[in-house]
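Student: Those protein sequence lines, which keep their order, are chains B, R and V.
Mapping to our numbering: the first sequence position 69 is 69, numbers consecutive.
Mapping to our numbering: the second sequence position 162 is 162, numbers consecutive.
Mapping to our numbering: the third sequence position 393 is 393, numbers consecutive.
Incorrect hints may have been included.
Where chain V lies over chain B, by a calculated footprint (3+ residues, C-beta under 8 Å) [stated by the list, open to error]:
id : stretch
1  : 10-23
2  : 73-81
3  : 90-99
From the derived model, a few chain R residues whose C-beta atoms are all more than 12 Å from chain B [to be verified]:
id : residue
4  : R12
5  : G39
6  : G82
7  : V148
Keep in mind the hints are simulated off the structure, nothing from the lab.
Glycine included, each C-beta is placed from N, C-alpha and C at the ideal position.
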Amino acid sequence: MLILTCPYCGIQCDETELAPGGEAHLKREGPGSSDAAFEAYLFERANPMGVHFERWRHANGCGKWFLAVRSTTTLEVYGTYKAQTPEPPAEIVAAIRARVPGWGGRA
Amino acid sequence: MSDAVTALGGARAGGPLATVEEAPLRGMVTLRGDFARVGGAVREAVGLGMPKTRQILTMRDRAVAWMSPDELLLLMPYGKAGAVVTLLEGALEGAHFLAVDVSDARACFRISGSGSGAREVLARLCPADLSPSVFGPGEVRRTRLAQVPAAFWMDDSGDVTLICFRSVARYAFDLLANAAEGDAVGFFPAS
Amino acid sequence: MSFRLEQGGRLVDRQVPLDFRFDGKRHSGFAGDTLASALLGAGQMLVNRSYKYHRPRGIVASGPEEPNALVGLGQGARFEPDQRATTTELFDGLTAMSQNAWPSLGFDMMAVNGWFSAMMPAGFYYKTFLWPRPFWKHVYEPLIREAAASGRPPQEEDADRYEHFYAFVDVLVIGGGIAGLQAALAAGAGGARVLLIEQTPRWGGRAPVDGAEIDGKPAEAWIAETVAALEAMKNVTLCARCMGAGIYDHGFALGYERLTDHAPKMGGPRHRLWKIRAKQIVTATGSIERPLSFAGNDVPGVMLASAVRDYVVNYGVAPGRRTVVVTNNDDAYRTVLALVDAGLEVPVVVDARERSDGPFAREAIRRGVAVECGAAIMKVKGTRQVEGVMLCRGNGTGAAGAMVKCDAVAMSGGWSPVVHLWSHCGGKLLWSETNAHFYPDFSRAPTGADGRPFVRTAGGASGAMGTGSVLVDAAAAGADAAQAAGSGATKAIAPAQARDEEERPMRPVWVMPEQALPELRAKMFLDFQNDVKVSDVQLAAQEGYESVEHAKRYTTLGMANDQGKLSNINGLAILADSLGAPVPEVGTTTFRPPYQPISFGAIAGEARGDLFQPLRRTPIHAWHEAAGAYWEPVGHWRRPYCYPKPGESHGDAIAREVQATRGSVGMLDASTLGKIVVKGPDAGRFLDMLYTNKMSSLKLGRCRYGLMCSENGFLIDDGVVARIDEETFLCHTTTGGADRIHGHMEDWLQCEWWDWQVYTANVTEQWGQIAVVGPKARALLETLGGIDVSKEALPFMGWVDGELAGVPVRIYRISFSGELSFEIAVKAGQALALWTRLMEEGRAFGVTPYGTEALHVMRAEKGFIMIGDETDGTVIPQDLGLDWAISKKKADFLGKRAQERVHMRDPERWKLVGLETLDGSVLPDGAYAPGEGENANGQRRTIGRVTSSYMSPVLGRGIAMGLVARGPERMGEVIGFMGEDGQMIETRIVSPVFYDPDGEKQDV
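With the hints as constraints, model all of the structure from the sequences given.
Tutor: Take a look at the structure:
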């Protein structure tokens, strides 16, 4: 039962106020993309043991999508940020590195 | 043709914790837009300023509530909703916005109890921190009421107004009435 | 035999006798008793039969660790099985039934299992009942279930109420013994918001029984003062009868409060499940005594030494007149002294250690009690009750020594901290060689959202043994927790003062005597509830079940509803010994919540009956109800399926509704259809991405049917889009789709195209929607007046705003039935009034309300697909012949790229066709058409499936739609579908449009 802070309304959301949305920062592949690239976009997920970037929607709340980065093993949350962010922001990366010194970056 | 009706015809129930009553129809308008640009239109439409994050501003029968970073809920008498939409559309002409009457899409309840009665009712149903130090008059909390989404705010008397979708009005009312049947847990310190 | 002492019992009020029944027989106890103490007081030592061998079993413990004394409590709608007598407070009129015994406790037919116990070793069920396989389901399983039946499930609906309560605190303290009280005091001193919960009705835990002194006064006085101090603190909430059931991620914890179990007549909810979010949690859960493993350690009358002491001191109940005490540590001497103080006999103390000269032992000897050191119990004599013990040397094989007559045995194998809650969320453990127990590894605590520890233990749960150490540890835990919670516990308080009682080291003894022969080991019980013996664990190890998790499942050790509170450590030690490995290397099994079973009622809370799940009602619901609608659940909505008249079958009602609609005019409540406003300069562009066809080109005042696909290309929703103005569209979705599709839109707008200027609003519930359908539909609307609904003013696929009979409405001329059809959107608050008015005015035309099934029949007659019938998440629009609704010009739309993938273009894909049985019968919905050969799994190949099937009242025969391999190329071909009776049904492949193929009727 996670708690994630919604970066839009500031509520420390109970997991039951949220809807999950899978891996974050996927790059959409549309018409013209190769089969391999498109299938990777549809099906290939990092599924790491450790630092993971995820999409969540504050469904029972302000309705906004946001991104969260947390450890899939310890459930430590390194930060949440707005969905309109193509790459993890510097302060989030710094927060991860502070806690996971050997982190190799987003897979 | 007959007048518009609420979902439950003003249902009312009471228990040791609080009285729960379906409120009469109320005008509600959803306004989506850039908060940096809609302030003037909001003032023109309901005579109130812009609320801060999670805030509700109230003046007599008008109110404006923060719903999300680009969404407000404007409250006014039921018959005035159409006029408010028209006012907003006029004031915001040329801007990118959405103003829509949602008065009939909602059910509205009033939960009144002495002391922490209303807090105790909601604490049985919502995974939200309702401690007086966290939630008090002037704040809108959108959350989960058992299995449906809801929003509520408290006025200075400690009474709570709760809104949810109209189709689940009976469910929400029954939930609240059932919770109001409980005895005080006494968890909330007297505020 | 157990009995009530003439005096004593600090918790019972002898002035208030209470009557209760056990197995129909009347007994009496006192206010303050538990059911267990009352049963013992009434001489009822035998309370149960064991699960597997049906051996007679008595009360062993005095708290939640009790393995045997499970009873069925209450009657009728308040009956509940598997309730612990030791945690059940006695009340007047309590009714309890024993379990596991047939026909009675005293004479149990199944006890015959015990004679064959040598033939029922570990893994017996797996080994014996494997073959022949069909026998498992029909013969073995029912027999085993009957023989091993535990409590019976209640037969009536639970008559009680339950509730949840969400609480947010800085510090949650679980356990209200002296450690919990001290921790709460320390945490609360700095102003932290503290919740302190205690599973029993009383504060203070074991300290008063153990005779501790705190701050120079008896523990009882200190406890009363501390509770009063805590109650006076505004930032502290105390809650007794509330068990910490589990600790979960990010500071979530469950508290299980039993409000009225002790006073059923009190009214109000029976249980309250606290859903707690705590920044920090202190588990002050104490410790539990371990049994010793000697032959016959399960005979009624053999009890934990601490439990014996509890019964004597707390309840004035003696388990027997002559009690042999057997121990490997000093604590059991407290029991010796309590027994002697109560005037009871202790013929001998059997101490496994070579020397016993601690202060308590010296006091016992001074009082004339004989102590045998280096000794063991070889076996207990007696079957239904202890009659005596045979002694032997502790390090031998069990050569019989002296026989000591007694009627009770108090055993102590040392103490284990209750680390369950610490471990629930990942806290790790260390092994203490000194105390032979697992205790928390404080460097590896459960961590929370910030990656920092959020659980700490206090007192006995930390492994602290003496009163002084317990209080020091607890005060530190409370203060640290408050500080970690960020509540700035600046006001540190000194722990209460107490000394650690002087105790000599314990000696780990896992089997008694240490070299016991197999015949003795086969009578040493580890898990009383599941009848697992020392020999079973040893056999499991021999057979290769070396992992503790495997050995547990193979032997069922610790798998009963006590979850091995008494048996786990002993079992692990035996497994380690058998494997020649140190205990910590073998490790523990996983501790999982709840700590003790909690009621299903508490888990459900308010969610039962009408509140089981939200039921969505349209604004016209009440009218349908009054009209006798038969309901169909559609998502959470309830929609009328049909409106049967008295005596009319559903089939007849549906046929009547279809005929009336096609013949004159029918009305459908379509309010459940999703309605989403999409507005903005980029709205058209956005909808072009969302729908497979082009929406941006839709003219003002017009409607267009559209399909939505997922990125995988699969069809997810369909509906009619209306263009309201240059920047505004109204998108209709399926009944079940409104929230999902609105979320889908917001997902793409917020996460992918956030620079597009589009706003959406889900206005589904703002509008009631009434479909007026049939050749007389226009005439009916004209009777109401106010809007020109002629073909010229409102053509097919157009919409118009206006006032119908003075009510503001928007009318869409769209049709899902093939008939002339108007869908009238009206504000929800006026929908019922308008519906009623239409019904009244429509009487002249024979207007007929119709339900979802008539709607289905009519849309199937027209070959219109239904999301969820023709689609199942693997169907693309091309499969359904909907190519006309897929833009070839658009560069991109959601699903386009996926639909270009090779297998999406495979000509062998199953495609939509109409199906007509040769005999006119109705095909079973979902029936398959078998093909030639077998697939890779050896199953018969299939070539098609029925997706919708109805009786068409207009055509007078069955019609169906289905997906068939290369279907559209096979028009006229006859294939077979498998009927429910296994008979093949000959079916012709036809066009899916059965009715009015040219669409003349809807465009009039």
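Student: Taking the numbered hints from earlier one at a time, note which ones the structure violates and give those numbers from smallest to largest.
Tutor: Hints 3 and 7 are the ones this structure does not satisfy, whereas the remaining hints hold.
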